Amino acid sequence: MADPSLVAAVGEVGGDFFKERTSETLPCQATDALFCWDWAKDNLDRYGTPTVQHVELVVISVVLGFAIAFGLALLAHRRRWLQPPLLAATGALYTIPSIAFFFLLLPITGRGRDTAIIALSAYTLQIIYRNTVIGLANVPRSVKEAARGMGLTERQVLWKVEVPLARPEIFAGLQIATVSTVAIATLAVFAGGGGLGAPIKAGIDFKTNIIIAGGIAILMAIAFGLALLAAQRLWTPWKRAETA
Amino acid sequence: MPAAAATSQTQSEPGASSVRYEGATKRYGNSAKPAVDHLTLEVPAGEICVLVGPSGCGKTTAMRMVNRTVDLTEGNILIGGESVRDREPARLRREIGYVIQQIGLFPHRTIAENIAAVPQLLGWRKERIAARTTELLELIGLDPELGDRYPAQLSGGQQQRVGVARALAADPLVMLMDEPFGAIDPINRERLQNEFLRLQAQVRKTVLFVTHDIDEAIKMGDRIAVMREGGRVAQYATPAEILMSPADGFVEDFVGADRALKRLALMRVSDIDLWEAPLAFVGQATAELRAKLAAPDVEVPYPLLVDGERRPVGWLSERDLAGETVPPRPDSPLGPVIERDDVMRDALADLLQGEAQYAAVVDAERRIAGVLSVEIIAEFLGSPRAKQEERSAVERPHG
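If you read the sequences in order, they're chains A and B.
Everything in the first sequence is counted per numbering that gives the first Met the number 0, starting at 0 for the first residue and increasing by one.
Everything in the second sequence is counted per numbering that gives the first Met the number 0, starting at 0 for the first residue and increasing by one.
So that you can see chain A by itself, here it is in the shape it has in the complex (with noise of 0.2 Å):
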């Protein structure tokens, strides 16, 4: 997917990454070495600042893409008709190689962190949506039948009965779409967006450094993850009874 000239069209992003390389660190790279351990001490805190610039665009796309998904299913939860459509709409989305989306995107928002906040949350589009109305329509009908005839109104039965109850399906889609932006979220330099994906462009025939770079994003996936369940047993304390 990386292929040189398309590479180089997007400029040189993340590219001074190893301007100073040091003649210390070359023999190792010489050597074609699975990893340098004595570059890998000296240099981690090159990782800094794209790991930071990578957490900033998963959280932000996420958020984002939350926010937007929920809305749409809410909708569609009201009305019915909409639900093929915005299934279909956010499938689409869902379906755009990342790379491609992020060119189609630079000529009308061009380069930089929006562009690829952008693509990243129409990915987490699809995820949110559809687990969200599957949760919304999991939520047993008797369930709904009493709270409208104990006297809750439609808003109520919708945010202290439904919404609650979908919970668990919400906060599985949170986690794939999290987790998967992670990974994605590797390709924003193309558009400009920094992230884990700057260091790996810069030097993508250098193992130790694709090792470091992937390694932390996987970490970081795992980490997320991980939140999010934490969140998800926080939130859903019914469901550990059930379970038990």
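Calculated from the structure, these hints are not laboratory results.
Since the structure is predicted, the reported quantities are computational estimates derived from the model, not experimental observations.
Just so you know, nobody snuck in bad clues.
Taking lysine-lysine pairs in the BS3-like style, the calculated list, with each CA pair at most 27 Å apart, reads:
| id | chain 1 | residue 1 | chain 2 | residue 2 |
| --- | --- | --- | --- | --- |
| 1 | A | K238 | A | K143 |
| 2 | A | K143 | A | K159 |
| 3 | B | K125 | A | K238 |
| 4 | A | K159 | A | K238 |
| 5 | A | K206 | A | K40 |
| 6 | B | K125 | A | K159 |
| 7 | B | K125 | A | K143 |
Per label pair, the in silico range of CB-to-CB distance:
| id | chain 1 | residue 1 | chain 2 | residue 2 | range |
| --- | --- | --- | --- | --- | --- |
| 8 | A | I217 | B | R124 | 51 to 57 Å |
| 9 | B | H37 | A | T94 | 55 to 61 Å |
| 10 | A | V62 | B | P53 | 52 to 58 Å |
| 11 | A | R232 | B | Q283 | 53 to 59 Å |
| 12 | B | T72 | A | R232 | 47 to 53 Å |
| 13 | B | A363 | A | V62 | 55 to 61 Å |
| 14 | B | Q352 | A | A230 | 50 to 56 Å |
| 15 | B | D212 | A | V62 | 51 to 57 Å |
| 16 | A | V62 | B | E87 | 34 to 40 Å |
Selected chain B positions facing chain A (Cβ under 10 Å, derived; list incomplete):
| id | residue |
| --- | --- |
| 17 | L104 |
| 18 | T109 |
| 19 | A151 |
All C-beta atoms, glycine included, are put in the ideal place defined by N, C-alpha and C.
Given chain A's structure and the hints, the job is docking chain B onto it.
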């Protein structure tokens, strides 16, 4: 029903209101046949009115028009003289308890939070809600500690009790119950029915109770409205009247050929004289018991082993009496145990199902109150006293 009699009962029961249907009609869409057709009947405050009939007779629709979960097409329904049409649906519903077959507890809220649902909507203060929740848990016989559990951690029967407590939470004027015990197994259903009747004796709500089961209708209802297809009432009367003099062929068929047996549902075990079994205690000398059994006026020829609280443990056989003293574990099992509040029909069913000749009858504390046998029931049915009681049941004004 003459209009003049309309509100005679309205204010008689504190905490409950009469419900009066005035030509209440529900038509869905442009369908020519109404689901409920000019229904006119009055449920006096504090009584249980059972709407019973085959499926599709409109009984649930008729019930749901009261809290406007189904809206009237024509006619009116008055609760305590006030038209439901003038009320905003959500506010109206908070004054009406609602219990459905599938219970519909909120799975994401604790038992206490479920019971607190309506008081919360009404904006009660926290302390008042907490006190009311504990009170209701005790009223339905659940350990208040269960208040912190989630519905999934309770049995079906416990969940249904919580459903009833939730409906009672804000002390509603009227309760609507839509086949509330329909999904419960027969043994627990009988128990829940008895419990609800005991509860009702305390709280005295006006209850509209929907069922397709005529036996349940006879047992639960102060009055029964037998409905037929097309949403019309075939007969509205006390259970005894419906059993003794069905208004037409439809009611007769619906009530069934075993009307004589069904009358057993009108009487409770506490209405008849029970037999007494010689009571035995662990460690008691068997000689003493053998002497009791040899007495000429003994009614039950087996001793019943009871614990220190006089709660039945089991029947003693010849083999148990062979030793010097009564053993702690009896040879034969206890068999069916019947509550004094059970209706006779259920008691007879328990006897037959348990293939038992005798069954221990216990009071609310599960202490022994006597012994019931098929023989007693047969004698009772044939006795002039039974006929007498049936007649008075028919003449009884409101059940």
